[in-house]
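Given these sequences and hints, build the entire structure.
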Amino acid sequence: MKTLSENITLQEAYVQKHHRHHRLVTLCRFLCFFAFLAVWELCADLDIINSFIFSSPSRIAQTILFMWQDGSLLLHTGVTLLEILLSFVLVAAVSLIAATLLWYSRTLSEILDPWLVILNSLPKSALAPLLIVWLGSGMRTIVVAGMSVALFGSIISVYTAFRETDDEKIRLIRTLGGNQIQVLHCVVFPESLPAVISILKVNIGLCLVGVIIGEFLSARRGLGYLIIYASQVFKLNYLIAALIILCVIAFGLYQIIARLEHKVRKSRQAQP
Numbered sequence: 001m002k003t004l005s006e007n008i009t010l011q012e013a014y015v016q017k018h019h020r021h022h023r024l025v026t027l028c029r030f031l032c033f034f035a036f037l038a039v040w041e042l043c044a045d046l047d048i049i050n051s052f053i054f055s056s057p058s059r060i061a062q063t064i065l066f067m068w069q070d071g072s073l074l075l076h077t078g079v080t081l082l083e084i085l086l087s088f089v090l091v092a093a094v095s096l097i098a099a100t101l102l103w104y105s106r107t108l109s110e111i112l113d114p115w116l117v118i119l120n121s122l123p124k125s126a127l128a129p130l131l132i133v134w135l136g137s138g139m140r141t142i143v144v145a146g147m148s149v150a151l152f153g154s155i156i157s158v159y160t161a162f163r164e165t166d167d168e169k170i171r172l173i174r175t176l177g178g179n180q181i182q183v184l185h186c187v188v189f190p191e192s193l194p195a196v197i198s199i200l201k202v203n204i205g206l207c208l209v210g211v212i213i214g215e216f217l218s219a220r221r222g223l224g225y226l227i228i229y230a231s232q233v234f235k236l237n238y239l240i241a242a243l244i245i246l247c248v249i250a251f252g253l254y255q256i257i258a259r260l261e262h263k264v265r266k267s268r269q270a271q272p
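Counting from 1, one number per residue, gives the positions in the sequence shown under the working numbering.
To be clear, the hints were calculated from the coordinates, so they are not data collected in a lab.
If you're wondering where the values come from, they're calculated on a predicted model, not measured in any experiment.
Positions of the beta carbon are idealized from the N, C-alpha and C atoms, including for glycine.
Every clue listed holds true.
Subject to a maximum C-alpha distance of 27 Å in a straight line, what follows is the list of computed DSS-like cross-link-like pairs (lysine-lysine):
(1) K266 <-> K17
(2) K266 <-> K169
(3) K263 <-> K169
(4) K266 <-> K201
(5) K263 <-> K17
(6) K263 <-> K201
Label-pair ranges, simulated between beta-carbon atoms:
(7) D70 <-> L108: 49 to 57 Å
(8) W115 <-> L135: 17 to 25 Å
(9) V25 <-> R221: 34 to 42 Å
(10) C186 <-> S137: 43 to 51 Å
(11) A93 <-> Q182: 19 to 27 Å
(12) L31 <-> P194: 28 to 36 Å
(13) F30 <-> K266: 18 to 26 Å
(14) K235 <-> S125: 20 to 28 Å
(15) L31 <-> I118: 41 to 49 Å
(16) V202 <-> F33: 21 to 29 Å
(17) S125 <-> F251: 19 to 27 Å
(18) A35 <-> Y229: 27 to 35 Å
Rendered as structure tokens:
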């Protein structure tokens, strides 16, 4: 049999191997990214691609620097980021409340289930003009447009996660005299937490898409407005810069939720 010190050594070796793997993956990601930038810049400098249409990393960097100096970078990025966060938080809150009500009342879920599927299948870009007519142009309309893309699918997914909770654990709580609230608190919410966080990872991208759709139609500030303006006046450096900033925002928000998911999984594994 292995001694305690040998087991600790094996565990440390496994942890070090795990960390090396993650560092290697991160390094490969950065190398691929910088290789792509280098090839892009080289092709633009050698006129292999049209630098006016495709731009280049150096031109985009100059554009972002100029936007930083005149204050437009913080203005447009801040407005879009605020709208994304508002729509994301509202989608998460409404989804949890609605899914809880659907789980609590099977009759209500049977009534609303087909309507949720129908609403989720509607083309959200077609709803945006209606939202402008109903709510006017402004941040409220853009936030609602961001919510409309993710909300109904999120409710369906969270409710499905609630329903897939282990029946044996629910039966145990009820055998011990627990009510529906205790079942929710002790079993359904903890068991569904990893699935809910995975749904949130999807929702952050959907909210971003919805916000940009809203900004395309009814904004005077924001990255969506900047993209439309730049395409109309053929300032393609600004357009591509706005797209890159959106990618950075999406990546940053995704990493925040991914770290939260990692901590949740780690805490669940540490539980006896």
